[in-house]
Amino acid sequence: MGDVFWWVIFPYACLIIMVFGLLYRFAFRQLTWAAPSTEFFEKKWLRFGSPLFHWGVIFAFIGHLMGIVVPMGFYDALGISNHLYHLGAVYGGSLAGLMMVVGLIILLIRKIVFNPVRVHATFADFYSVIALLIIAGIGTYITMFGNFTPEEFDYRSAIGPWFRSLFVLSPQYQLMTSIPFIFKLHTLLGFGLFGSIPFTRLVHFYSIPVAYPTRAPQQYRSRAQYKNKSS
Amino acid sequence: MKIKAQVAMVMHLDKCIGCHTCSVTCKNTWTNRPGTEYMWFNNVETRPGTGYPKRWEDTERFKGGWTLKNGKLQLKAGGPISKLMNIFYNPDMATMDDYYEPWTYNYQNLIDSPKGEHLPVARPQSVITGEYIDKPEWGSNWDDDLAGGTETVSQDPTVEKLQDHISMEYEKTFMMYLPRICEHCLNPSCVASCPSGALYKRDEDGIVLVDQEACRGWRFCMSGCPYHKVYYNWNTHKAEKCNFCYPRTEAGLPTICSETCVGRIRYIGVVLYDADKVKEAASVEDPQDLYESQLSVFQDPFDPEVIEAAKKAGINDEWIESAQNSPVYKMAMKWKIALPLHPEYRTLPMVWYVPPLSPIMNHITNEDDLSTDGYIPAVDQMRIPVEYLASILAADDTKLIRRVLLKLTAMRVHMRGKTVGGIDAFRQSELLKEANTTPEELEDMARLLGIAKYNERFVIPTGRREMDDDLYYAQGACSLEDLAPPEGMASLIGGNS
Ligand code: HEM
Ligand code: SF4
Ligand code: SF4
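Protein sequences appear in the order of chains C and E. Residue 231 is where the first sequence ends in the UniProt record's numbering, and the numbering goes up by one at each step. Residue 497 is where the second sequence ends in the UniProt record's numbering, and the numbering goes up by one at each step.
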């Protein structure tokens with residue numbers, strides 16, 4: 001029963017809260033949808049903390065895509081050996097993880113030390129940074145010091161298939177029952193964070209302005225919104 | 001030809017008395033909420049001085065506006081790709097230190113403190129952190145009336161540039177006021193800098209606004225505006241700016257800052273421009289050509305062809321008539337006595353300034369029997385160095401400033417002649433020729449600059465609400481917000497709004 005809860009009910013609940021929470025907030029709370037910038041108050045520390053952390057997140061995100069979402073068979077088909085994959089994963093993952101952790105520590109110190117930043121940080125702001133720090137910390141630890149050889153435990157044969165099974169609506173929770181505890185912790189905390197996204201400023205990353213380079217530099221809008229728009 | 005209308009402003013600097021009434025009324029109307037305390041959509045700077053925020057004219061540091069790169073117009077801070085790479089940290093953005101830490105006073109102490117030997121005081125208290133500030137050290141107008149002395153004057157980027165020409169000895173020093181609002185530019189770099197497309201220019205009246213729902217707080221508009229007229233609200237995490245008081249202008253009323261201006265220095269009117277020509281006009285090679293190229297964008301509201309094109313573009317008769325009676329059109333385009341602020345930023349700004357005349361350095365002793373032409377050299381000896389004015393209003397083109405000052409001087413001489421005699425001589429004078437004008441034009445100018453009443457200074461057509469889709473639904477609503485937003489699923493997907 002415990003396994004069903006942790007590897008079926010809990011992840012689904014978190015994802016559902018995330019999706020519906022985001023939709024609700026997007027529809028009815030647009031005015032709260034923005035990046036939580038505090039650059040106005042302090043920019044010397046931010047200059048290092050924010051880019052380090054964010055580039056780390058982006059690399060880590062790509063890494064997770066490669067390890068969890070893309071099935072092992074894909075690499076086999078490309079002829080990438082297990083050994084080669086793990087070499088890349090350990091070095092790339094460690095780098096991304098360290099960037100995130102160092103960045104987050106800088107951001108956290110900055111949040112505590114600079115009065116204007118601290119005074120205007122909400123509970124959710126502290127929560128986001130600390131939760132990310134814990135999750136990224138565990139993830140980095142696993143990658144750097146986990147000492148899990150592919151023969152001993154390969155997350156690509158357990159966590160990956162389980163994760164993908166969630167999305168085809170036939171969760172294979174048995175896969176997760178016997179993985180090392182530290183992997184369980186990282187995974188569960190991650191899903192917990194997904195569930196809390198709608199209640200924090202983390203919503204900002206759903207608004208990456210990818211269309212910016214393709215749009216016209218000058219934007220005109222009509223106040224009257226004529227029926228037959230004159231262009 | 002793509003005709004659009006723009007509501008624009010002229011400020012006649014000779015009449016500005018530096019009272020800050022415009023700033024205060026604007027603040028009380030728009031920026032008295034948490035997160036906006038430090039914002040002054042309208043501010044009045046003493047020149048020479050640092051300005052607000054400090055040294056905003058230092059475009060090498062803040063990278064606002066546009067530059068020409070290989071003949072192509074580009075955002076000075078870099079295009080969309082480089083913006084996306086820098087999105088996690090904006091290297092060019094000004095911080096609170098560049099503006100100031102806003103504060104209030106602990107007035108409650110005056111009421112609550114017990115009876116004692118000394119009078120109670122209201123200590124300054126930061127509205128950002130709530131902490132007491134022992135000694136406020138900077139504010140938006142700290143160097144008002146040159147009171148920062150040489151220390152602040154020397155930090156004025158224009159003074160730095162013109163070092164040789166500017167003397168701060170008491171007998172030779174000069175001073176002028178520069179009231180500033182958002183320029184509602186024809187080629188706004190704030191709009192082009194916004195990754196989310198949240199800033200936009202309105203088709204109907206050219207007012208540049210921030211869509212509060214679409215803004216995601218990336219903050220590139222703040223540094224992208226070379227005039228530093230977009231502000232970051234630390235409370236909502238979104239950008240805000242002067243909105244030209246559109247709820248008032250849509251009702252045909254002047255902006256708050258203009259309405260309450262004690263010196264009556266402000267004029268508001270409509271101009272028609274060709275949106276297709278904007279980019280080209282902003283891309284001329286020599287910055288000193290930008291003034292003329294900007295003028296070439298505006299269309300003559302009396303030209304039948306222009307009128308027809310305007311009507312086709314949905315501009316109604318009331319707006320065309322207003323464009324014909326526009327004080328802005330007269331001063332900026334017809335008489336050419338109003339100039340754009342820092343044309344070299346290439347945003348084609350739409351708040352225009354009539355430069356101030358100033359006392360003449362060497363006293364004219366024989367004014368009673370001075371020939372009219374004796375005033376010509378006077379223009380070159382005014383206290384405010386022509387170079388200084390040229391640096392802020394003409395991309396360093398001193399000839400342009402001199403021409404405007406000559407015309408304004410000619411107006412004064414002529415109007416003086418009208419009351420004390422000597423008009424005929426004036427018609428023949430060199431001054432009139434050099435100023436390239438006629439007594440009739442000067443009299444029109446004198447009327448508009450000197451005695452024009454409310455309805456002549458503010459010629460503002462009402463917003464074209466008759467074109468709205470759902471007038472019946474909106475009746476009774478206020479222009480700022482819908483009274484009752486449409487309900488149901490349709491409203492979620494943007495229908496019926
Ligand atoms: C790729 C798209 C993203 C963009 C464009 C973006 C942009 C930003 C910006 C502009 C800030 C404000 C920095 C400041 O000026 O103070 C910020 C803060 C933050 N972002 Fe992102 N972000 C992105 C993705 C993410 C992701 C994926 C996460 C986490 C998983 C994240 C977590 C955070 C956190 C926690 C802060 C707050 C930092 C602090 O409180 O000091 N962001 N982001
Ligand atoms: S002056 Fe106004 S319109 Fe022009 S760039 Fe700045 S904010 Fe935008
Ligand atoms: S036009 Fe309105 S919002 Fe803009 S500066 Fe003037 S009073 Fe303020």
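Hints are supplied without guarantee of correctness; some may be wrong.
[Stated by the list, open to error] Calculated cross-link-like contacts (lysine-lysine; reagent style DSS-like; alpha-carbon spacing at most 27 angstroms):
#1 E/433 to C/43
#2 E/15 to E/27
#3 E/311 to E/2
#4 E/135 to C/43
#5 E/27 to C/44
#6 E/334 to C/111
#7 E/334 to E/2
#8 E/63 to C/44
[Stated by the list, open to error] Computed beta-carbon distance windows for the label pairs:
#9 C/208 to E/69: 21 to 29 angstroms
#10 E/398 to C/62: 52 to 60 angstroms
#11 C/58 to E/324: 50 to 58 angstroms
#12 C/105 to E/74: 47 to 55 angstroms
#13 C/32 to E/149: 41 to 49 angstroms
[Said to hold, decoys possible] Sample of chain C residues at the chain E side, in silico, Cβ under 7 angstroms:
#14 44
#15 74
#16 156
Treat the hints as calculated values from the structure; they're not laboratory data. Where a beta carbon is used, it is the ideal one built from N, C-alpha and C, also for glycine.
Here's how the hints hold up against the structure:
{"no.": "1", "hint": "E/433 to C/43", "verdict": "56 angstroms, violated"}
{"no.": "2", "hint": "E/15 to E/27", "verdict": "22 angstroms, holds"}
{"no.": "3", "hint": "E/311 to E/2", "verdict": "11 angstroms, holds"}
{"no.": "4", "hint": "E/135 to C/43", "verdict": "24 angstroms, holds"}
{"no.": "5", "hint": "E/27 to C/44", "verdict": "30 angstroms, violated"}
{"no.": "6", "hint": "E/334 to C/111", "verdict": "56 angstroms, violated"}
{"no.": "7", "hint": "E/334 to E/2", "verdict": "21 angstroms, holds"}
{"no.": "8", "hint": "E/63 to C/44", "verdict": "18 angstroms, holds"}
{"no.": "9", "hint": "C/208 to E/69: 21 to 29 angstroms", "verdict": "27 angstroms, holds"}
{"no.": "10", "hint": "E/398 to C/62: 52 to 60 angstroms", "verdict": "57 angstroms, holds"}
{"no.": "11", "hint": "C/58 to E/324: 50 to 58 angstroms", "verdict": "56 angstroms, holds"}
{"no.": "12", "hint": "C/105 to E/74: 47 to 55 angstroms", "verdict": "37 angstroms, violated"}
{"no.": "13", "hint": "C/32 to E/149: 41 to 49 angstroms", "verdict": "46 angstroms, holds"}
{"no.": "14", "hint": "44", "verdict": "9 angstroms, violated"}
{"no.": "15", "hint": "74", "verdict": "29 angstroms, violated"}
{"no.": "16", "hint": "156", "verdict": "30 angstroms, violated"}
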